[in-house]
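Participant: Read off the chains here:
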Amino acid sequence: MLAGACIVATVAVLAVLAPWIAPFDPNEINVRWILLSPSAEHWCGTDTLGRDVFSRMLYGARVSLAVGFVAVGIAIAIGVMLGATAGYAGGRLDAMIMRVTDMVLCFPTFFLILAVIAFLEPSIWNIMIVIGLTSWMGVARLVRAELLSLRHREFVLAAESLGVPALRMVWRYLLPNAMGPILVSAVLGIAGAVLIESGLSFLGLGVQPPDASWGNILTEGKDNIQIAWWLSFYPGLAILITVLGYNLLGEGLRDALDPRLRDTH
Amino acid sequence: MKRYLLKRLAGMIPLLFGITIISFGIMHVAPGEPVVVGQEFNPKVSAEDINRLRAYYGLDKPLYEQYWNWLQRLAVLDFGESFAADHRPVLDKVVERLPITIWINVLAMAFIFAIAIPIGVLSAVRRDSWFDRGMTVFVFIGFAIPSFWLGLLLMMAFGVQLSWLPISGIHDYDWKQMGFWRQQWDLAQHLMLPVFVSAIGGLAGMSRFMRSGMLEVIRSDYITTARAMGLPEGTIRYRHALKNALLPIITLLGLSVPGLIGGSVIVEQLFSIPGMGLLFYGAVLARDYPLVMGITVIGAVLTLLGNLLADIAYAWADPRIRHGGKS
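Protein chains in written order, with our numbering: chain Z, 1335 to 1599; chain C, 70 to 396.
Certain hints may be false.
Stated by the list, open to error - Over 10 Å on every C-beta distance to chain Z, these chain C residues come out as not near it, computed from the model:
hint, residue
1, Met70
2, Ile214
3, Glu302
4, Ile319
Claimed, not checked - Derived list of chain Z stretches under chain C, where covered just means 3 residues or more per stretch with a C-beta under 8 Å from a C-beta of chain C:
hint, stretch
5, 1437 to 1446
6, 1450 to 1456
7, 1522 to 1536
8, 1557 to 1564
9, 1576 to 1582
These aren't lab readings, by the way, just hints derived from the structure by calculation. A virtual CB, placed ideally from N, CA and C, is assigned to each residue, including glycine.
Here chain Z stands alone, though its shape is the one from the complex (with noise of 0.2 Å):
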């Protein structure tokens, strides 16, 4: 988990702030530069049109970053909202909601996804809103869950004797009681999204030059591939360590916060 933590922190940082030590600037073209191989002065080397890799990799992270954060605040939202739904009201309104969960669930995301990107343009934003709207079942599921087992619980049965609205009932003693699996799924989700958006991407239906993807450069990289292997190697590296920090932190947080987990690992 601290393993985790480290790389989680340390992207972020670099994404942030990419504009101050980026060595140069990630869009700037230069014909006498075109695919150097890793240098002293082009650490990941340089691409078709000379443009610096580490430079487009530090703007990439802001992107995938990005995108994942309000992609999976998209799916936290929608999550919550049906899944506390669903289980605080229970019933035929907790029946329909499932049915429509599972039959979200019938389709291959990937499939899904693709296919609304080919009603809309690719852009950064439809792709955070499309992979947002494409990964809540789970929350639902795990939302409407924890309510129900906290449903029939002694302080929930008080406060409602007292007469506390429903909404409020909900916002303010069964969510906050749900907030450690809601936490540990959003940063796997981070994880998910970061790998949709750089396999969209490097499909070329992400995000679209001539800003910089981690799965845009490497399309690149398979383009020239015979000629440029660190045009595959290095932004590849940095998805592999970016997601493996979210999993590892999603992971440890989730023994921390149900140790009865503890033992099956």
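Position chain C relative to chain Z; hints supplied.
Facilitator: Below, chain C without anything else, positioned relative to chain Z:
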């Protein structure tokens, strides 16, 4: 068993409707008429295409009527015609691309099972050993590694540096001249990397799952009883514990279907394999809406079928499900 099967099948009907409703919804997320949006300047779509599509979806009619008409066509497997120059029916295009995608995914799944089960069991039995620790690292990397990056690295290593394996397509250029066995060997060589790349995420997940399942079973009462009766440890582990730990794996099999199908887009694009994923990718790029919609629906139905098969297998393996009625 029969009753269970019928119940499962009946449960699929609302889900099928749900799939069509969501797909229909996607078509209407874009503001305005879905057929016309962004197509004015698309050279691949003629005015004739647009008119044909208007007629196909009945876009001048109210939404519920449009949906109903579309549903009626889907019921007889009429997915419309592709925008592409050949104007072939969507169904034909998908059907000819489907076998290779299914093959790769089935092979990937077989590979996952063959490797992940022994890894999981050994990790559980030798908990906290160097093997277990090593596998834990592998699992975390397997979860985090972008499949397309792994694919690129393998292409670089085995394709470019070592020249052992081909890096694109499914046949060599002189495939037609080869003998039967030579052809199979050629195909196998082409599929090796794609299958491995498709499998990596599932491999990590499955071995983790197997490990915790096995750990849980080993702690249960009947295993303690077996130990108390003095059965040899090997018999306990591999005859009594393993059987029960294997059961949940079947469920995971069903759950991994959507991931594999979704992942086929990236794997097939990376290795230029002419399967359904690549067809879908091309359709998205070309904004070939009938094809996009058709494959989305078919992909979801395949997922549903995968889940059904897994459930049936589970019921067949576990009498508690078959007779209990509770799922």
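Participant: Each hint: holds or not?
Facilitator: Hints versus structure:
Non-interface call for Met70/C relative to chain Z: holds, since the shortest CB-CB distance, roughly 24 Å, exceeds 10 Å. At roughly 5 Å from the closest C-beta of chain Z, the C-beta of Ile214/C falls inside 10 Å, breaking its exclusion from the interface. Consistency note on Glu302/C: stated as away from chain Z, and its beta-carbon is indeed over 10 Å from all of that chain's, at 21 Å minimum. The Cβ of Ile319/C sits about 18 Å from the closest Cβ of chain Z, beyond the 10 Å cut-off, so the non-interface label holds.
For a cut-off of 8 Å, the count of residues in the stretch 1437 to 1446 of chain Z with a CB near a CB of chain C stands at 10, and the three-residue condition holds. Coverage of a stretch by a chain is defined here by at least three residues with a beta carbon nearer than 8 Å to that chain's beta carbons; for the stretch 1450 to 1456 of chain Z and chain C the count is 6, and the condition holds. Counting residues of the stretch 1522 to 1536 of chain Z whose beta carbon lies closer than 8 Å to any beta carbon of chain C gives 5, which reaches the threshold of three, so the coverage claim holds. Only residues whose C-beta sits within less than 8 Å of a C-beta in chain C count toward coverage, and the stretch 1557 to 1564 of chain Z has 3 of them, enough to reach three; the restraint holds.
Coverage of a stretch by a chain is defined here by at least three residues with a beta carbon nearer than 8 Å to that chain's beta carbons; for the stretch 1576 to 1582 of chain Z and chain C the count is 4, and the condition holds.
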